[in-house]
Amino acid sequence: MRRHLNADILIVDDTPSNVEVLTTVLTDQGYQVRSATNGKKALQATQVKRPDLILSDIMMPEMNGYQLCEHLKANPQTAEIPIIFISSLHESVDREKAFDVGGADYITKPFLVEELLVKVKYQLLMK
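Just so you know, we're using my numbering here: the sequence shown kicks off at 3 and counts up by one.
Treat the hints with caution; some may be incorrect.
Claimed, not checked - Distance condition first, Cα-Cα at most 30 Å in a straight line; then the derived DSSO-like pairs of lysine-lysine:
| # | residue 1 | residue 2 |
| --- | --- | --- |
| 1 | K111 | K51 |
| 2 | K42 | K123 |
| 3 | K42 | K99 |
| 4 | K111 | K123 |
| 5 | K43 | K123 |
| 6 | K129 | K75 |
| 7 | K43 | K129 |
| 8 | K111 | K42 |
| 9 | K121 | K42 |
Since the hints were derived computationally from the structure, they do not count as laboratory data.
Construct all of the structure, not just a fragment, from the sequences and the given hints.
Structure, rendered in structure tokens:
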């Protein structure tokens, strides 16, 4: 099954270098990539075009990744979008909160490219 190819992925991160690395890695694999610098802008982006997957940082201004996930999961039109958190927060309580708010997976920074790609592909195939 190749449903994951050409998928639309929304990256939500307020650090331009993180967005750049993720964009390069994902576009090299054939994914379509968009980005938003915080949760509020990500919500707006999902209204314009529903992404197939969201990769979100947690610590961001205006609306953090947890709040973004809660908003998306509360809306029937966006509730099914898988959200993978990518964060430098390494504590188990942070991982637990990510899953409690509806996150599909959690990757810690710095991440291995191979791990990222496997988890992205898995979430897209599970849709």
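Comparing the hints with the structure gives:
For the hint linking K111 to K51, the alpha-carbon distance of about 28 Å falls within 30 Å, and the restraint holds. Restraint check for K42 and K123: satisfied, since their Cα atoms lie roughly 26 Å apart, inside the 30 Å limit. A C-alpha spacing of about 20 Å is found between K42 and K99, which places the hinted pair at or below 30 Å, so the restraint holds. Pair hint K111 plus K123 holds up; C-alpha atoms about 19 Å apart against a cutoff of 30 Å.
With a CA separation close to 25 Å, the supplied pair K43 and K123 stays within the 30 Å bound. Taking the CA atoms of K129 and K75, the gap is about 15 Å. The hint holds against a cut of 30 Å. Note on K43 and K129: the hinted pairing holds, with a Cα-Cα distance of about 24 Å set against a maximum of 30 Å. Under the criterion of a C-alpha separation no larger than 30 Å, the hint pairing K111 with K42 is consistent with the structure, at around 23 Å.
With a C-alpha separation of about 25 Å, the suggested pair K121 and K42 falls inside the 30 Å cut-off, and the hint holds.
When held up to the earlier numbered hints, the structure conflicts with none and fits them all.
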